[in-house]
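Listed in order, the protein sequences are those of chains P and L. Sequential numbering from 1 applies to the first sequence in my numbering. Sequential numbering from 1 applies to the second sequence in my numbering.
Don't read these hints as lab results, they were simulated from the structure. Be aware that one or more of the hints could be misleading.
[Stated by the list, open to error] Anything over 12 Å on all C-beta distances counts as not near chain L; from chain P, calculated: (1) Glu-31; (2) Glu-34; (3) Arg-35; (4) Leu-36; (5) Ala-37; (6) Arg-38.
[Unchecked claim] With beta-carbon atoms standing in for the labels, derived distance ranges: (7) Pro-210(P) x Gly-47(L): 30 to 38 Å; (8) Ala-127(L) x Pro-214(P): 28 to 36 Å; (9) Ala-216(P) x Thr-20(L): 31 to 39 Å; (10) Thr-20(L) x Ala-239(P): 20 to 28 Å; (11) Gly-110(L) x Arg-38(P): 51 to 59 Å; (12) Ala-61(L) x Val-205(P): 27 to 35 Å.
[Claimed, not checked] Chain L regions said to be covered by chain P (calculated; three or more residues, Cβ under 8 Å): (13) 132-146; (14) 185-191; (15) 202-208; (16) 227-241; (17) 254-267; (18) 282-294.
Because the structure is a prediction, the values reported are computed rather than measured. Glycine included, each C-beta is placed from N, C-alpha and C at the ideal position.
Here is what each chain is made of, one letter per residue.
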Amino acid sequence: MTITAATAMTTTTTTTATMTDQLVEERPDAERAERLARLASRRGGRVPNPAPIRPPGTPRTGEDAPVPTPEGAREPGGRSPWAAPTAPAARTETRPLPPVPGGGRRRRRPGPAAAAKIVTAGLSTTALLGMMAAFGIADRRDAQPVDATAGVSDPAPTAAPVNISTVPVTSPPTSPAPTPASAPSAAPSTAPAAAVPAGTPTAPVPVPVPVPVPAAVDLAVPAPPPPPAPQAAPAPAPAPQAESSGS
Amino acid sequence: MTTVTPPRQSPGLTSLRTTTRAMSCAASVVVAGSPAELEPLAAFALGRLHSLEQRWSRFLASSEISAINAAEGRPVRVSDDTVELVTALVQGWHSTEGAFDPTLLGALVGLGYAASRDDIERRTSLAPTVAVRGRPQDVLVDPVHRVVQVPPGTALDPGGMGKGLAADLIVAELLAAGATGALVEIGGDVRVAGASPVGAWTVAVDTADGAAPALVSLLAGGVATSTSRLRTWDVGGERRHHLIDPFTLRSTANDTVSCTVIAGSTATAEAFTKIAFTDHPERAVARYARRGLAASVTTAGGERLVTPAWRTFEHPDPSGAPT
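In isolation and in its complexed conformation, chain L is listed as follows (with noise of 0.2 Å):
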């Protein structure tokens, strides 16, 4: 469980923070803005965060993402909001070459990933005819009347790009409702947007190498992190994590452990962080350098590789020791 330290007030700005649960892990929110204002708007953030949850979670069989899993081919009418997370979801299939792939879902069930880490109750259930891997390529949406299609066979996975989403939402609707500062975290998934009530918004990134997390700042965006080291699960006296690689079908086993990406938002930066599973960690860096992003990958043995760009966000370290 990760403690968050409280930001420190500056004079003429408050914040609030505000813990919660949801999508299967803690959640946090911070809102900065008028006193009379923060309270509201804490409020509103959680009751739109776990909206979010009831349409979108693959463990609940009244979602959206639920019905259009069972459609078999069939179009749904959703919310505006899952006409987004499956844009999304899409896009960034087509943004990482495939690297992230939303469409593994009876892969994921497969493997052994079918109840809801905190409710063993919610469980996610598949018609027989969804195949271990679908087609991102041939689904389709219809903003205007809101309407989803995936073809006979495919099954989406909102997975961690709809924690990123979520707080890419809710933090850009603390803003239009009159914040003046957010960041929204959930599960590790942080996305940071207007003035923060100490200059800068700071976010920590465990390397999961052991080391002390590095300390990364930044106006606006999003950060995300990957690890193969969390929600982990055993079969047969193998272990399996829940990355699974789009080309085998089966947990990622390269080099990487974990990976964070730096990106303009949390759902772009969760997609990309992929990439570092299911290619060489060094040839990862280089596809995040070639498209301008911040991105550390950190090695099974230890060892931590970063793109240029990472260095505009991260602090150095206090005792100057090189990271």
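Bound-form chain P, shown alone (with noise of 0.2 Å):
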């Protein structure tokens, strides 16, 4: 009966850290970059969903557009941003708690946090602790580690240092910015195309832009008129210097 209650507790505890995570996400974009941040100090600097929300059944950009039927649309002038790079996640560096002296396993307590959302369930841990008395229960806190992240989000070290890098969240670009690969060299006389190697510092990054339309169409130049020949002797066609066959 008395672990009943206790596991009520938890269970209640549980829900609620849920029904605050999924609070979070409904809230409006506006704030959901702030609260991203909270939940990733209660989560080790992991910012669970770094990418804007989109609505369902929007496709994500970078996928290729399906090739249209023959009888479909053609887009002669249309473009569409594919292969946009997603931004990359956050990237985090949180230093490792020291080890424990004597070998044994690091007992995690719960953060002032945990605990205020103990107290928000509507029992005080001090009337927990009181009830458990009273039925008998020893208080295990010291004995035993403590699941702090039953429903409730990992607490941060408080002594380590968080260092995030994050990337700017930007409208994805146009024109996605490669990286070099390699490619096969198909002439020994000239430069081989080569890959160029992870880490090569310094060297600007090259963004592939489309191809521009060209603004006329180049004309051949004919050649001037051959002069009038006299009318007793026509005159004779030139002797062609190639010829034009098809292929």
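With the hints as a guide, bring both chains together as one complex.
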């Protein structure tokens, strides 16, 4: 019976924390980044989802659009922002906790946030301990590791500074910034196409752009007409120097 | 096979004609200039022709075009030549409003044109993700860093434009190297520039109607001919050819059997020949005329349609019969 009460308390705490996370997800986008940062601080600096929320059914940027059917629309001038890279996940660097003297398992104490959640559930820690004592249940927090993550985000190590390297979230570029890739050398007499090794410094990043549309068609220059030949002797046809017979 | 009459020598000006086989077809180079430079220039031209084939052939797994097609959307660092080729391919697509589509390699291979005509062991190998038609509008190039990036599922087919652009590049390089005039012919695509040994460059155009070839003369420019009667094959009793309709993704089936276009460059001329195979011949000729292009279209019935500009290039029939 007592155990049931303790379990019920844990369950209530879990539900409250879950509801809180759901409320974070449902809030407007303008506040989402701030709440994600708060959530990240509870989860050791990991941002759960840095990508902007997209409505269901919206195609992901970067996916190749399906090839139109022969009878379908032709897009000689249209472009699609394909292959736009998504913003990379924020990188975080956390310092591991020092080992426990004697090789024991480090006990994770619920931080202030966890305690606040317990309080939020409607029953203070003091009152809980009182109930447990009344039923003869020892306070075993010091003997066993407390699963502070049951429905509660992991507490951040208070002693370790968190170094978060983030990439500014911008709208997907119309031209992706590619990483150079290797290409075979096709002619020994010219510089071969080569892969740029990872980590090569200082080289400017290539940014391919769409091919410019030609402004006008280039025209050939006809040869001047031959001088008029005497009527008695028509001008002979010139001997061709080549033949365009199709390919 | 075509026989070409060697140019007559003009006083004070010599020329040299060299033939070879490249890009699965016959090729010839005529170089005019000082006698001491002719052979080195001709050798240079042939060397460039073969190096461009190594870079652009879809039948060579080691080519840069094959690398681009295998990259599945990743950027590929290539040579300046290939940047220029990819740029020309996409610009040809723009200029012809999609009639010339360089991304139909998947359809072409699927229809049965996978092996080289010169060496059946050389075959086009495409990733399973390549679509029958790609997205030329989404091809990206970086000329400064020499990077090309095509969208996933898109594969480029240099095709005839590769021959035309090769002729353009080699002629320009020959003149820059000291030739006073140059003609390069690759599989029926002809580019001329500079002083001809005989006053003007004259090209015989096979109109595929069984009649005598038409003669055109030009000081500079490119002549390209496409025909549905050369590169053909049969599959299950169905005759197919290499000109693919970008709308049906099958071999073209309109009334045009041959089209010749004369333009400022052979690459441009090559792209514009495709209009005649994707539209009604008369409408195609009207479209050429609006652009000021010289074009000649031959139909399956033997009718020949030409633009007004064509007549400024064509020599009248010596017999006096209207052309």
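For each hint, the structure was consulted:
1. Glu-31: With a cut-off of 12 Å, Glu-31(P) remains clear of chain L, as the shortest Cβ separation is near 36 Å.
2. Glu-34: 36 Å, holds
3. Arg-35: Arg-35(P) is indeed farther than 12 Å from all Cβ atoms of chain L, at 35 Å.
4. Leu-36: Given a closest Cβ separation of 30 Å, the condition holds.
5. Ala-37: Answer for Ala-37(P): holds, closest chain L Cβ roughly 34 Å.
6. Arg-38: At roughly 37 Å from the nearest Cβ of chain L, Arg-38(P) sits farther out than 12 Å, so the non-interface label holds.
7. Pro-210(P) x Gly-47(L): 30 to 38 Å: 33 Å, holds
8. Ala-127(L) x Pro-214(P): 28 to 36 Å: At roughly 30 Å between Cβ atoms, Pro-214(P) and Ala-127(L) fall inside 28 to 36 Å, so the hint holds.
9. Ala-216(P) x Thr-20(L): 31 to 39 Å: 34 Å, holds
10. Thr-20(L) x Ala-239(P): 20 to 28 Å: Holds, at about 22 Å.
11. Gly-110(L) x Arg-38(P): 51 to 59 Å: 55 Å, holds
12. Ala-61(L) x Val-205(P): 27 to 35 Å: 28 Å, holds
13. 132-146: Holds, because 13 residues of the segment 132-146 of chain L bring their Cβ atoms closer than 8 Å to Cβ atoms of chain P.
14. 185-191: holds (count 5)
15. 202-208: holds (count 6)
16. 227-241: As far as the segment 227-241 of chain L goes, the hint holds, because 4 residues have Cβ atoms under 8 Å from chain P.
17. 254-267: holds (count 6)
18. 282-294: Coverage by chain P holds here, the residue count being 4 at a Cβ distance below 8 Å.
The structure meets every hint from the earlier list without exception.
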